[in-house]
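A.B. asks: Build out the structure end to end from the sequences listed, making use of the hints.
If you read the protein sequences in the order shown, they are chains B and Y. For the first sequence, the working numbering begins at 11 and goes up steadily by one. For the second sequence, the working numbering begins at 41 and goes up steadily by one.
When the alpha-carbon atoms are kept at most 25 Å apart in a straight line, the in silico SDA-like pairs for lysine to any residue are as follows:
no.: 1; chain 1: B; residue 1: Lys164; chain 2: B; residue 2: Leu202
no.: 2; chain 1: Y; residue 1: Lys241; chain 2: B; residue 2: Pro122
no.: 3; chain 1: B; residue 1: Lys362; chain 2: B; residue 2: Cys334
no.: 4; chain 1: B; residue 1: Lys93; chain 2: B; residue 2: Lys187
no.: 5; chain 1: Y; residue 1: Lys259; chain 2: B; residue 2: Pro186
no.: 6; chain 1: B; residue 1: Lys362; chain 2: B; residue 2: Thr310
no.: 7; chain 1: B; residue 1: Lys164; chain 2: Y; residue 2: Pro267
no.: 8; chain 1: Y; residue 1: Lys259; chain 2: B; residue 2: Glu143
no.: 9; chain 1: Y; residue 1: Lys259; chain 2: B; residue 2: Asp137
Simulated DEER-style distance windows between Cβ atoms:
no.: 10; chain 1: B; residue 1: Val217; chain 2: Y; residue 2: Val64; range: 47 to 57 Å
no.: 11; chain 1: Y; residue 1: Arg256; chain 2: B; residue 2: Glu204; range: 37 to 47 Å
no.: 12; chain 1: B; residue 1: Glu243; chain 2: Y; residue 2: Arg54; range: 52 to 62 Å
no.: 13; chain 1: B; residue 1: Glu204; chain 2: Y; residue 2: Gly244; range: 26 to 36 Å
no.: 14; chain 1: Y; residue 1: Lys241; chain 2: B; residue 2: Gln270; range: 35 to 45 Å
no.: 15; chain 1: Y; residue 1: Lys259; chain 2: B; residue 2: Pro140; range: 13 to 23 Å
no.: 16; chain 1: Y; residue 1: Lys259; chain 2: B; residue 2: Val217; range: 24 to 34 Å
no.: 17; chain 1: Y; residue 1: Phe337; chain 2: B; residue 2: His135; range: 22 to 32 Å
no.: 18; chain 1: B; residue 1: Lys46; chain 2: Y; residue 2: Phe337; range: 39 to 49 Å
no.: 19; chain 1: B; residue 1: Arg145; chain 2: Y; residue 2: Pro174; range: 48 to 58 Å
no.: 20; chain 1: Y; residue 1: Arg256; chain 2: B; residue 2: Lys141; range: 20 to 30 Å
no.: 21; chain 1: B; residue 1: Lys159; chain 2: Y; residue 2: Leu113; range: 55 to 65 Å
The set of hints was computed from the structure by calculation and includes no laboratory data. Nothing here was measured: the structure is a model prediction, and the numbers come from that model. All C-beta atoms, glycine included, are put in the ideal place defined by N, C-alpha and C.
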Amino acid sequence: MSQGDKQQAQECVQTSQPWNNPDAVPFIRFEHVTKKFGDFFAVDDVSLDIYRHELFALLGGSGCGKTTLLRMLAGFEEPSDGKIYIDGADMSGVPAYERPTNMMFQSYALFPHMSVEQNVAFGLHQDGLPKSEIRDRVEEMLNLVQMGKFAKRKPHQLSGGQKQRVALARSLVKQPKVLLLDEPLGALDKKLREQTQFELVNIQEKVGTTFVMVTHDQEEAMTMASRIAVMNEGVIKQTGTPFELYEYPNSRFTANFVGQVNLLEGILVDDNEKYAIIHSEAAGGDIYIDHAVSGHEGMTFWVALRPERIRLSDSQPAETKYNCLPGKVEEIGYLGGLSTYHVRLDSGTRIKISEPNSTRHIEPRYTWEDRVWVSWEAGAATVLSQ
Amino acid sequence: MSGTAPTPKQRFDRWMVRNGRYLVIGIPFFWLMLFFLVPFLIVLKISFATAEYAQPPYSALFQWVDQGINIALNFGNYLFLLSDSLYVTAYLNSIRIAAISTVITLLIGYPMAYYIARSSGTVRSVLLMLVILPFWTSFLIRVYAWIGILDREGLINAALLGLGIISEPLIMRQTEFAVYIGIVYTYLPFMILPLYSTLEKMDGSLVEAALDLGCRPWKAFARVTLPLSLPGILAGSLLVFIPAVGEFVIPELLGGPNTLMIGRTLWDEFFANRDWPIASSVAIAMLLFLVVPIMWFQNLQGSEKGDGK
Ligand SMILES: Nc1ncnc2c1ncn2[C@@H]1O[C@H](COP(=O)(O)OP(=O)(O)OP(=O)(O)O)[C@@H](O)[C@H]1O
Ligand SMILES: [Mg+2]
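C.D. replies: As structure tokens, this is what we get:
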């Protein structure tokens, strides 16, 4: 690779991944934001940077404070502590109607007494734009979300998916600097959901607005978002790209929340520059890790293994001494594209394994009570200290 | 089991599924017919009779004459209502007083209902209790209490005189002002309750959406909250306006000799003049006056259902 190519690649990373560029200025900034309801911390000391043109997802279980965080950004709640900046401006005390944000509500909150058209035009009327411009922009926006045909309908005459499009159009038509989406696809069925996820991403690329989206569906966050913040009990546990969160979770919570995982608890017994050994009662032996682990010997660690990174075989693989554990098949699940196996190791731990069904087997490869060996490559495991 | 004829029980059940609701609706319908329509028809009948010194004090409408029915309809009572300016004035007065009172109750009741709907659980139930509390004492006694407050020697005058703010007692009782106080005071709960129930049901995120789209709070109220509470405003207004038009006790006890309202006229015709036919025609005319706004309201509600929520 020549010097010029390298530089170009570097620049590409800096524009498409501003979070990896130390010079990039965040567009939205949460600084130690806390929100208390009484003495309950709904959001607890959150610091977060979101960059321009991102589709950023807040991911977490019910009641973890996602909506509260979003509502503070929109101006419906004031932080009890800390500051929020949008495009460099401090938002403390700025009311919702003066913020450069628009929100798409979880319940859509369409005005029932106005037609689709009037709903979309509502925000433009507040800005006092000329009538002809309002008409053009409303029409353009309704066409973008493919609702042009329904302009004269009232919200109660629309299906759930159509309401959702109108809500999106209404929040986008003012061309906000930031669009906030609270579980935008929560009310849709799986098929429509997947279709709409792509549409939303397309629209986001077309209009270039910064999207901040709340969801409790990790698959949705993974398919749509440029980056994800995983929240739990008011705290952000980890922020990163879908790839980073899946491959390099920093805690058992994230590993569990993003995708499926097997966790094997053990004690670090040998730590070198090139490899580490973790002795695990749960695995019934030593686990070999192909990189150094930052910790001292005797410390407790968890080895995280994704189900699809584990191999099953009916005889002991010849080549390895480590990372090969005997067990018995306890359960089989056929999911069409995948088959899942639950294997009870001789140590008593249960392991989830998934295998793609790349050919059409007449019979499953393994059946109940089969004696099997579970193995993985040393590089497949992630070591977690918390 | 296809092919076999339905048993009587099955046939009865199917009939019930198809027609059962008419049975359920039919009972209250019959009840209303019996206790609302029949008295109304009697009054209607009397309004077409002529007054007589007899028992009952009016002429018979239908008479058997030579094996046929002789119907004597007397429109004179209605013509008399039109010709005597007393009645026309009383009608117009009633409507004016009722309309102004309705507007005042709305202006007072709306903020109260709004506040109650927005307050949290326990506060809300206490406030609602307080709104309903006056119903637990007799209406008559509460109006009498207002006499004590507004009288020449009443509470207000005593207080103002005592503080030296006025030197002569204010004349408040036996004025139209006192009638307004009485009506607004009495009917306020009827305004607050329907308003409260519409405001309470309203989705709070609608106002947030309006704010989010750039509305200032007052404008969000005018463009979203107010139009959406229109059904409550109409229901409350009718619940105040209709009984206020025919109100008798309040103008009698608090009003002066020249606060002419139709309820008082009615009373006088029945009990002082004992002219039942005239009194009946006054009542029927008043009913017609009130039926028009009710029909209008029903129409509005109907069309609201058609294209609204
Ligand atoms: N106005 C409020 N008063 C008191 N507590 C509140 C209020 N709003 C939210 N909370 C609490 O704060 C916590 C976080 O709420 P939030 O709505 O942010 O959750 P969420 O992450 O959006 O959950 P979900 O996925 O269920 O929507 C919850 O425990 C909730 O009970
Ligand atoms: Mg939420």
